[in-house]
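Residue numbers are given in the working numbering: position 202 of the sequence shown equals residue 202, and the series is strictly consecutive.
Hints were generated in silico from the structure; no laboratory data involved. Where hints are given, some of them may not hold.
Claimed, not checked - Calculated pairs, EDC-like style, for lysine to aspartate or glutamate (alpha carbon to alpha carbon, straight line, at most 20 Å): (1) K27 - E47; (2) K56 - E111; (3) K195 - D234; (4) K165 - E154; (5) K74 - E154; (6) K31 - E16; (7) K92 - E47; (8) K55 - D20; (9) K27 - E16; (10) K195 - E154; (11) K26 - E47; (12) K13 - D24; (13) K74 - E116; (14) K193 - E265; (15) K257 - D234; (16) K233 - E154; (17) K92 - E116; (18) K56 - D91; (19) K55 - E16; (20) K56 - D20; (21) K195 - D244; (22) K92 - E43; (23) K262 - D244; (24) K13 - E57; (25) K74 - D91; (26) K232 - D244.
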Amino acid sequence: MRSAAAEAPVLSKFDEYLVDFQVDLKKIIGKHRHPNHFLSADELLSEVNLSLFNKKEDIINCDGQAFNRVNFGKVAYAYARNLIVWTHCRDKASAYRRKMVDGVHQTEDGEKTVFELACELEGEEDERFESFDAGSKSEYVIKLLREYAHILTERELEILRLMTKDMNQEAIGEELGITHQAVSAAFINISSKIKNYLNFDYKTDSSAAKVTEGFKSIKEFFEMGQEPVMSKKDRYSLVAFLIDNSGRYSIAEVARKFEGGKFFEITVRAFINFNGLTQHVVVKNPSSHVYSGDEVELLLNLAEGGRSIDEISDQLGRSVRSVSSKCSHLLRTGELSKRPHRLGEEQSDTEMGRVK
1 MRSAAAEAPV
11 LSKFDEYLVD
21 FQVDLKKIIG
31 KHRHPNHFLS
41 ADELLSEVNL
51 SLFNKKEDII
61 NCDGQAFNRV
71 NFGKVAYAYA
81 RNLIVWTHCR
91 DKASAYRRKM
101 VDGVHQTEDG
111 EKTVFELACE
121 LEGEEDERFE
131 SFDAGSKSEY
141 VIKLLREYAH
151 ILTERELEIL
161 RLMTKDMNQE
171 AIGEELGITH
181 QAVSAAFINI
191 SSKIKNYLNF
201 DYKTDSSAAK
211 VTEGFKSIKE
221 FFEMGQEPVM
231 SKKDRYSLVA
241 FLIDNSGRYS
251 IAEVARKFEG
261 GKFFEITVRA
271 FINFNGLTQH
281 VVVKNPSSHV
291 YSGDEVELLL
301 NLAEGGRSID
311 EISDQLGRSV
321 RSVSSKCSHL
331 LRTGELSKRP
341 HRLGEEQSDT
351 EMGRVK
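Construct the entire structure; sequences and hints are all you get.
Next comes the structure, spelled out in C-alpha cells:
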C-alpha cells in the first residue's frame, strides 16, 4: 500500500487524466449508446464520471499495473462501455419505468403525447392560480388609475389607454394630434405621479415591512383630506339621484350636484363603478381623438380627390392639425398615396407640371 504522501501525486494524476478524457468519453457514449436508451448522452456522461470517481482506488491499483495515462484510458473505456448497458437494464427493470406510459397519439389538433392527453382528460385547473393569472397586477394598477384615481388628467388617462394598446409615442401623438415630444413629457409626468402615490414595488417588495408600507401608500392614494363617510342613507340617496337624473350628468357633474358637492368625485366614481350604475351617467368618449372607420374612408376619398387639408378639416369637423397628423400616419402605412396640400401652398411638382 502506498503512503498518504505517495498517494497524493497519483490522485492528482487521476483527476488530470479524467478531465482530459472527457472528449473521449463522449465519443465512446456516442458509439455504444442506442437511440432507445433511457438516459441521454449527457446523463450517461455524468453516470460514467461518477462511477470512475467512486472507483478511483480500484482503477489506480488495477492488477498491480503501473498507473499511467494509457492504462487509465483502457479502464475508463471498459467502464464507460459496460455502464451504458448496465444503466439501461437497471432503468428498464425499475418500477418507475415499468409503470410509465409513453407514446404519441393522433388527434384532430395534431400529435399529442400521452402526458398532454392525460392533462386534458383528467387534469384539473387550480382555481387559485387560474384566478391569479386571470388578472395581472399591472392590469389591476391600470384599472385603479383609470376608474378610481384622481392624480391623472383626462389627457394623461387617454395617453395611458393608448399605451396599453402597444402604441408607441409617435403613433399616440398622431392619434391625439400632438407631437411625440409632448407624449414623451406626459409619459414622464405619468410615471412620476404613479411612483409618488404608489411608492410600493408589488413585484419585489415581499417583506412584512414593505407590505405594510405598500398598504399605507395605497391607503394614502385614496385619501384626499377630510371627507365625510358615505352613510347608508347617503348611498340610497345617491342611487335615487342617479335614477331620477339618468343620462343627464357626467360623474364629475354628479359629484358637484349631489348634496352640494359633499363627496369627492373619486368617491362618487368608485361608488358608481362598484355598484354598476354607469348606465345612469353620461360617459365622455375617451376616443374623441381617434378616427372612426367612416372618417378614415372619407378622409382618403377627399385626399385622393385633390382636396386640401383645410377642406378635409371642414368636412370632418376636426382641426387642421389633427387632419395633418392623421394624413402623415396614413402616408406611412401606405393607405394614402400623396399628402394633401394646404390652401395657399404650391402643390407637388408633378401636379404643377400637369397644370402647366
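Each hint tested on the structure:
Between K27 and E47 the alpha-carbon distance is near 15 Å, which keeps this suggested pair within the 20 Å criterion. For a cut-off of 20 Å, the pair hint linking K56 to E111 is broken: about 47 Å separates their Cα positions. With a C-alpha separation of about 34 Å, the suggested pairing of K195 with D234 is violated against the 20 Å cut-off. Restraint check: the Cα-Cα separation between K165 and E154 comes to about 17 Å, which is no more than 20 Å; the hinted pair holds.
For the given pair, K74 sits about 80 Å from E154 by alpha-carbon distance, which is inconsistent with the 20 Å threshold. Proposed proximity of K31 and E16 is contradicted: the alpha carbons are some 24 Å apart, above 20 Å. Of the pairs offered as hints, the one joining K92 and E47 holds, with about 16 Å between alpha carbons and a cut-off of 20 Å not exceeded. Proposed proximity of K55 and D20 is supported: the alpha carbons are some 18 Å apart, at most 20 Å.
Distance restraint check for K27 and E16: the Cα-Cα separation of roughly 19 Å lies within the 20 Å cut-off, and the hinted pair is therefore satisfied. Between the alpha carbons of K195 and E154 the distance comes to roughly 19 Å, so the proposed pair stays at or under 20 Å and holds. For the hint pairing K26 with E47, the CA-to-CA distance comes to about 12 Å; that is within 20 Å, so the pair holds. For a cut-off of 20 Å, the pair hint linking K13 to D24 stands: about 17 Å separates their Cα positions.
Distance hint between K74 and E116 is unfulfilled; the C-alpha atoms sit about 45 Å from each other, more than 20 Å. Among the hinted pairs, K193 with E265 is consistent with the structure: their alpha-carbon atoms are about 19 Å apart, no more than 20 Å. Note on K257 and D234: the hinted pairing holds, with a Cα-Cα distance of about 14 Å set against a maximum of 20 Å. Taking the CA atoms of K233 and E154, the gap is about 31 Å. The hint is violated against a cut of 20 Å.
For the hint linking K92 to E116, the alpha-carbon distance of about 23 Å lies beyond 20 Å, and the restraint is violated. With a CA separation close to 25 Å, the supplied pair K56 and D91 exceeds the 20 Å bound. Only pairs whose Cα atoms come within 20 Å are accepted, and K55 paired with E16 is accepted, the gap being roughly 15 Å. For the hint pairing K56 with D20, the CA-to-CA distance comes to about 16 Å; that is within 20 Å, so the pair holds.
Straight-line distance between C-alpha atoms of K195 and D244 comes to about 40 Å, which puts the hinted pair past the 20 Å bound. Between K92 and E43 the alpha-carbon distance is near 16 Å, which keeps this suggested pair within the 20 Å criterion. For the hint pairing K262 with D244, the CA-to-CA distance comes to about 19 Å; that is within 20 Å, so the pair holds. Taking the CA atoms of K13 and E57, the gap is near 12 Å; set against the 20 Å cutoff, the hint holds.
For the proposed pair K74 and D91, the alpha carbon gap of about 26 Å is over 20 Å, so the pair is violated. Annotation: proposed proximity of K232 to D244 holds, straight-line Cα distance about 18 Å (limit 20 Å).
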